[in-house]
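Peer 1: Each chain is listed here by its residues.
2 protein chains.
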Amino acid sequence: MSETSAPPLSSTPRTRLNRAKNRAGTDRVQLHRILDEALVCHLGLVLDGRPVVLPTGMGRDGETLYLHGSSGASSLLAAGAGAEVCVTATLLDEVVYARSLQHHSMNYRSAVIYGRARAVTGRDAKLHGLRVLTEHLSPGSWDHARGPSAKELAGVAVLALPLDEASVKTRTGPPADDPADVAEQPAWAGRLPLRRSWGEPVPAPDLAPGTPVPEHVRRRVR
Amino acid sequence: MSETSAPPLSSTPRTRLNRAKNRAGTDRVQLHRILDEALVCHLGLVLDGRPVVLPTGMGRDGETLYLHGSSGASSLLAAGAGAEVCVTATLLDEVVYARSLQHHSMNYRSAVIYGRARAVTGRDAKLHGLRVLTEHLSPGSWDHARGPSAKELAGVAVLALPLDEASVKTRTGPPADDPADVAEQPAWAGRLPLRRSWGEPVPAPDLAPGTPVPEHVRRRVR
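Chains as they are written, first to last, in the numbering used here: chain A, 1 to 222; chain B, 1001 to 1222.
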């Protein structure tokens, strides 16, 4: 997972942003960070000529993004059969209040990946993909919970999407008000941070009373 | 915005969920709640035969979802010209830890809307759409900040998407472990809530010192 040896992000016509060039980053480190921080992505594909966008679990290993879902879901089947996909992950960081409505905005980080996914097959490769997905959703669970049976492994679809064609778009910082508005408008201007945090773990109703919350869950809350 | 007079959600083949029927809701009230709580949606469309998914600001008024962006953005132009779109909004509520990796999951609420958007034109209609969008992102800003000039109004694209063909999918509750795992597996099982909250407002660096945080921003934090 060496960050330094990774190729720069592509700059194909699709990822060469036309708008807001100052928000376009080509930083692979930033791409990785967005994908590692976001818990879900949105998988887009074309089914019967029409766009479909579904929230999807994901996990990154180096320059591969793993996706998964039920092996019977039509969107996953189409994506695993080599359909072109667009995967987008978005982190909303702040609402930006400006003196003008025009410059109200959001501070955010988003990653868009284009490409064709491949269905991961073979026991070892599938277990590796599932491990990456599990450790993204719930770090520490892979070694704590019961692993998949052969039947369970067959019932889940794991897709692998290379991070070859990708773009990152972010906005940070204060509002970009017009100088005349800064001078003349009395409205408040600034940023309102949107925080994400973990709440207290809630044990399952059928968990044996007194079962302690394990360290891998506990440390996520701290 | 009467909830009771709204038609039930459609059940076309696309929105008739094949998987996890117990997670499929057809509750229009729930659809509205998801769209009102999510701050951004993901707009999917087909450009040059390929899927594109972009994070997009939104705001709901009754059975209309307004979307907006720069009037020069190719995705907005295509969507406003009547291309089919799929708009998905997802709220992630909890990570679900189970005794088996197979039943690790997420509690979430997602809304998927299919249809064709129309570009909102005409000064009054566009102002109405912008008001809905503004009050969704930053309630109270419409009456507090400077309104759009004619030039600014011309430079923004507002789209209106009817909530005719939509589906809601949610998962709530504890892990759904197999009975054998509940009896035999020692792993912890439960839910870890993901909280969203507003942090303290950060004034713009060029805001006059001593400018108070207005009530419409302040009350969001409380």
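Treat the hints with caution; some may be incorrect.
[As the list claims (entries may be wrong)] Partial list, derived from the structure: chain A residues whose beta carbon lies under 10 angstroms from chain B:
| no. | residue |
| --- | --- |
| 1 | Val29 |
| 2 | Val95 |
| 3 | Val156 |
| 4 | Pro203 |
[As the list claims (entries may be wrong)] Here's a subset of chain B near chain A, in silico, CB distances under 7 angstroms, partners left out:
| no. | residue |
| --- | --- |
| 5 | Thr1172 |
| 6 | Trp1188 |
| 7 | Leu1192 |
For the record, the hints were derived by calculation from the structure and aren't laboratory data.
These numbers come from a predicted model, not from an experiment.
Glycine included, each C-beta is placed from N, C-alpha and C at the ideal position.
Peer 1: Does each hint hold? Answer for all of them.
Peer 2: Status of each hint after checking the structure:
For Val29 of chain A, the interface hint is violated, since its Cβ never comes within 10 angstroms of a Cβ in chain B; the closest pair sits about 21 angstroms apart. For Val95 of chain A, the interface hint holds, the least distance from its beta-carbon to any beta-carbon of chain B being 6 angstroms, beneath 10 angstroms. Interface hint at Val156 of chain A: satisfied, since its Cβ lies 8 angstroms from the closest Cβ of chain B, which is below the 10 angstroms cut-off. The restraint placing Pro203 of chain A at the interface with chain B holds, with a minimum CB-CB distance near 4 angstroms, inside the 10 angstroms limit.
Evaluation of the Thr1172 of chain B hint against chain A yields a violated restraint, the C-beta minimum of about 12 angstroms exceeding 7 angstroms. Below 7 angstroms, beta-carbon pairs count as interface contacts, and Trp1188 of chain B has one with chain A at about 5 angstroms; its hint therefore holds. A hinted interface residue such as Leu1192 of chain B counts as satisfied when its beta carbon comes closer than 7 angstroms to some beta carbon of chain A; here the least separation is about 5 angstroms, so the hint holds.
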